[in-house]
Amino acid sequence: DQQVKQNSPSLSVQEGRISILNCDYTNSMFDYFLWYKKYPAEGPTFLISISSIKDKNEDGRFTVFLNKSAKHLSLHIVPSQPGDSAVYFCAAPSEYSGGGADGLTFGKGTHLIIQP
Amino acid sequence: KAGVTQTPRYLIKTRGQQVTLSCSPISGHRSVSWYQQTPGQGLQFLFEYFSETQRNKGNFPGRFSGRQFSNSRSEMNVSTLELGDSALYLCASSTLAGLSYEQYFGPGTRLTVT
Chain E
1 DQQVKQNSPS
11 LSVQEGRISI
21 LNCDYTNSMF
31 DYFLWYKKYP
41 AEGPTFLISI
51 SSIKDKNEDG
61 RFTVFLNKSA
71 KHLSLHIVPS
81 QPGDSAVYFC
91 AAPSEYSGGG
101 ADGLTFGKGT
111 HLIIQP
Chain Y
1 KAGVTQTPRY
11 LIKTRGQQVT
21 LSCSPISGHR
31 SVSWYQQTPG
41 QGLQFLFEYF
51 SETQRNKGNF
61 PGRFSGRQFS
71 NSRSEMNVST
81 LELGDSALYL
91 CASSTLAGLS
101 YEQYFGPGTR
111 LTVT
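Chains as they are written, first to last, in my numbering: chain E, 1 to 116; chain Y, 1 to 114.
Be aware that one or more of the hints could be misleading.
What the hints assert, rightly or not - Cross-link-like lysine-lysine pairs, in silico, DSSO-like; alpha carbons within 27 angstroms at most:
| no. | chain 1 | residue 1 | chain 2 | residue 2 |
| --- | --- | --- | --- | --- |
| 1 | Y | Lys13 | Y | Lys57 |
| 2 | E | Lys71 | Y | Lys57 |
| 3 | E | Lys56 | E | Lys68 |
| 4 | E | Lys5 | E | Lys108 |
| 5 | Y | Lys57 | E | Lys5 |
| 6 | E | Lys68 | E | Lys54 |
| 7 | E | Lys108 | E | Lys71 |
| 8 | E | Lys108 | Y | Lys57 |
| 9 | E | Lys5 | E | Lys54 |
These are computed hints drawn from the structure, not numbers from a lab. Source: prediction; values computed, not measured.
Just chain Y, same shape as in the assembly:
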């Protein structure tokens, strides 16, 4: 089975721009979660989607948003980029929510904001 894929792997943007990151979960996985990893804060939960609905959201500003499509693929958008948004963005998928806590991570998208 193919793992979680994320595109692009690396991205450089300028402050004030917006960015869209993409995630394809493992086939059959309907839950997709997004995390931000920074050296200072570690891995922090952004939001989770299940069946095209955002079910949970972490403590991030409204500039961070996402969506999920009917094929479970997900996108994450960050608007009005700030320098502090530079991070590794990780997507994780899991099977039936509530029955499994195990999440399978993609390799991440390294975003650099200049």
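Chain E with its partners taken away, still in its complex shape:
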């Protein structure tokens, strides 16, 4: 059973506009979330994270929002740029480690396409 879900396999956004990528989770024990970005033929690259004690974390054009009551987080990219076209994964520390740093449970990813 997937504990981290990204229900949109793909998303197309015009350059300069805001991209919003969504992620839902089922395990209320998760207390930390990460977003990774992946280009073809490369490994995922860490983008931004958020601890459950916060509801927002911002880093430049990237902001992650966490709604614990809804078990939902979202990644906002503004303004969107062509180089942002990639697959974005939401992740949380794995159930196997009891919430430690030892393994991550990933969503299936959302392919973001930035249109010129």
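With chain E fixed as given, assemble chain Y onto it according to the hints.
Just chain Y now, kept in the frame of chain E:
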């Protein structure tokens, strides 16, 4: 600092064979995790090593195994390969386990089983 390196980058094997993949973590990183990425299942955690000990294992059969050496380099082995083992295998390293959730990934090894 050099990133995580994985060798080989591409591999083609026949069903029933075995394969060994190698991962060199970022210098100073003692935790190494392995993941399998397939189109249908996404990224799935295989196992994690810290100081030469396997600390955690995902839900994969015993055909999947690994080890870590004293220099933190890690190898992953898959025996009796099946067609369904065709995937991108990713290695990730991190610093002090328990203090950082951020993992740094290598480019992966693309395994094709025919």
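Between the alpha carbons of Lys5/E and Lys54/E, is the straight-line distance 27 angstroms or under? holds, 21 angstroms
Given pair status - Lys5/E, Lys57/Y, alpha carbons within 27 angstroms: Given pair Lys57/Y, Lys5/E holds - Cα atoms ~21 angstroms apart, limit 27 angstroms.
Run the distance test for Lys5/E versus Lys108/E: straight-line Cα separation, threshold 27 angstroms. holds, 7 angstroms
Between Lys108/E and Lys57/Y, is the straight-line Cα distance small enough, at 27 angstroms or below? Measuring from Cα to Cα gives roughly 20 angstroms; hence the hint holds.
Does Lys54/E sit within 27 angstroms of Lys68/E, going by the straight-line distance between their CA atoms? Answer holds: Lys68/E to Lys54/E is near 10 angstroms, not above 27 angstroms.
Under the criterion that the straight-line Cα-Cα distance not exceed 27 angstroms, is the pair Lys71/E, Lys57/Y satisfied? Distance of about 26 angstroms is within 27 angstroms: holds.
For Lys13/Y and Lys57/Y, compute the direct alpha-carbon distance and say whether it is at most 27 angstroms. With a Cα-Cα distance of about 24 angstroms, the restraint between Lys13/Y and Lys57/Y holds, given a limit of 27 angstroms.
Proposed proximity, Lys71/E with Lys108/E (alpha carbon, max 27 angstroms): Holds, at roughly 17 angstroms.
Can you confirm whether the C-alpha distance between Lys56/E and Lys68/E stays at or below 27 angstroms? Distance of about 11 angstroms is within 27 angstroms: holds.
Violation of the numbered hints given earlier is absent; every hint is satisfied by the structure.
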